[in-house]
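Just so you know, the protein sequences line up as chains A and B, in that order.
Mapped onto numbering that gives the first Met the number 0, the consecutive letters of the first sequence carry residue numbers 0 to 277.
Mapped onto numbering that gives the first Met the number 0, the consecutive letters of the second sequence carry residue numbers 0 to 277.
For the record, the hints were derived by calculation from the structure and aren't laboratory data.
Take the hints with a grain of salt, since some may be wrong.
Copies of the same chain look alike in the list, so a pair counts if it works inside one copy or between any two.
As the list claims (entries may be wrong) - Okay, derived cross-link-like pairs now, SDA-like style, lysine to any residue, Cα gap no bigger than 20 angstroms in a straight line: (1) 229 x 42; (2) 95 x 173; (3) 26 x 103; (4) 1 x 90; (5) 99 x 157; (6) 79 x 262; (7) 99 x 197; (8) 59 x 77; (9) 229 x 78.
There are 2 protein chains.
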Amino acid sequence: MKLAVIAGRGDLPKHVVAAARENSQLKSIIALEGFANLSDYPNAKSYRVGEFGRIVKYLKKEEVTHVCFCGNVDRPDFSKIKPDLKAMFYLPGTIKAASKGDDALLRHLLGLFEKEGFQYVSPQDVCAPLLMPEGTLGDISLNDIHRADALSACHIAQSIGALDIGQGAVVARGVTLAVEAQEGTDAMLLRVATLPQALRGSAANRVGVLAKMVKPTQDTRIDLPVIGLKTLQHAANAGLAGVVAEAGGAFFLDKAATIDFANANGLFILGLPAKLES
Amino acid sequence: MKLAVIAGRGDLPKHVVAAARENSQLKSIIALEGFANLSDYPNAKSYRVGEFGRIVKYLKKEEVTHVCFCGNVDRPDFSKIKPDLKAMFYLPGTIKAASKGDDALLRHLLGLFEKEGFQYVSPQDVCAPLLMPEGTLGDISLNDIHRADALSACHIAQSIGALDIGQGAVVARGVTLAVEAQEGTDAMLLRVATLPQALRGSAANRVGVLAKMVKPTQDTRIDLPVIGLKTLQHAANAGLAGVVAEAGGAFFLDKAATIDFANANGLFILGLPAKLES
């Protein structure tokens, strides 16, 4: 396998690149303009999202056989995307797929690379150790209220996921405080931090749980939820008691530093399987 | 019927009070401290949420037979509520109901008034003309994209309502941009206004629809969704093409001014029944 990593925003691509480099599978890196920082990836090439033809040409020249997408990419403004010739050919189908939601768009884009002769490798195939383990991580255990909120937050996150709304939800004392759509997890947690103290917790009395779960209908080869140090920092700031993510279905980055932060600030971190006995 | 209106935040209580006054049913007004502005209600009494005993005593002295709740009231911080004796008696049950979500809490509070011998009258019983009519209001009609988004937004709003998350959702070109939980509609629309232009519309090219629908499991005697001038102003600011609300299941306040604003800014207003043929 000669692998190309196509990197979007965030920390996940850096971890995937490092793991692929270790396995000597890495052939090329494409840093998507406006999302990935070229300085984070020595020897990477930078292309715009609309340059699909140039990307394919480059990957073929490099004799790449497999591609892996990782990191966040905003939904494009198709009226401003400046497509090259090949992208223009695929544009009408892409716009149609995009109108059916995030999942349909991602699945469509993945299919375009397959049409061009590349095999797709998921980030978790490249880097399984980054996946969330099952059980409690760190020193903080859950009380009964936290446990009930964790289960409820998982249920809400999966339910809104089934509607292709998003992957995250915050529940505190049985009340859904916030649900993530296009704004992202950090913005959602900042919003929770502005809710009345009666609804959420505080540093002195931590209440409420963030859940990040895979959308039940999504293609798990792309766009798995991610938690890491920033997630815990935002959760702490919102007064939450902890974070739960899908075991084997979410990435957990910077594990040591994140667990240290959670321990120091009294937050739990919990991995739960997608299917829970009720 | 000798009616008391128990007023929370917002414009709905003012309309309900005006209608009840016209029918000569109005006996007393209670303006809840911290939520209703006492200056909006001549002859009203002001009580804290925790003064349930004093409220009941006052209503009995006034020979009130029926009560009507309207307007928003934040979920109380039970640790700071300073209950009087009767409220203290009911507090454990109220805290338990609150842990089951907004609907359970409201239904419980309504039950407490009934236990004390009052009959409950819904705001729509007092003021049916305020309810959202079916069909398009104003001069702006929907194109095919708007219509698809309106149907989708209604579906998402009802789906999250069934989970007791909230009553509102914004969908644009098939993508769920935002879902309302505890932050409220205005905060949700302000958030949509900060999303990338590629996702939402603009004043020049309006795209996206706000839907406000009744939660399928909720007690419709309390907490019906409300739209009005402010809703349309926030929707316009977010670049949306229009607002859809449940016909007969949402309040539409300040109709004339709101429709004028929508016409002037190119937004549609649409009332749709709860059950749509698909």
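These are the hints, each one checked on the structure:
no., hint, verdict
1, 229 x 42, "neither (28 angstroms within a copy, 52 angstroms between copies)"
2, 95 x 173, "between (38 angstroms within a copy, 10 angstroms between copies)"
3, 26 x 103, "neither (28 angstroms within a copy, 58 angstroms between copies)"
4, 1 x 90, "neither (28 angstroms within a copy, 66 angstroms between copies)"
5, 99 x 157, "both (19 angstroms within a copy, 19 angstroms between copies)"
6, 79 x 262, "neither (46 angstroms within a copy, 29 angstroms between copies)"
7, 99 x 197, "between (38 angstroms within a copy, 15 angstroms between copies)"
8, 59 x 77, "neither (26 angstroms within a copy, 64 angstroms between copies)"
9, 229 x 78, "neither (33 angstroms within a copy, 31 angstroms between copies)"
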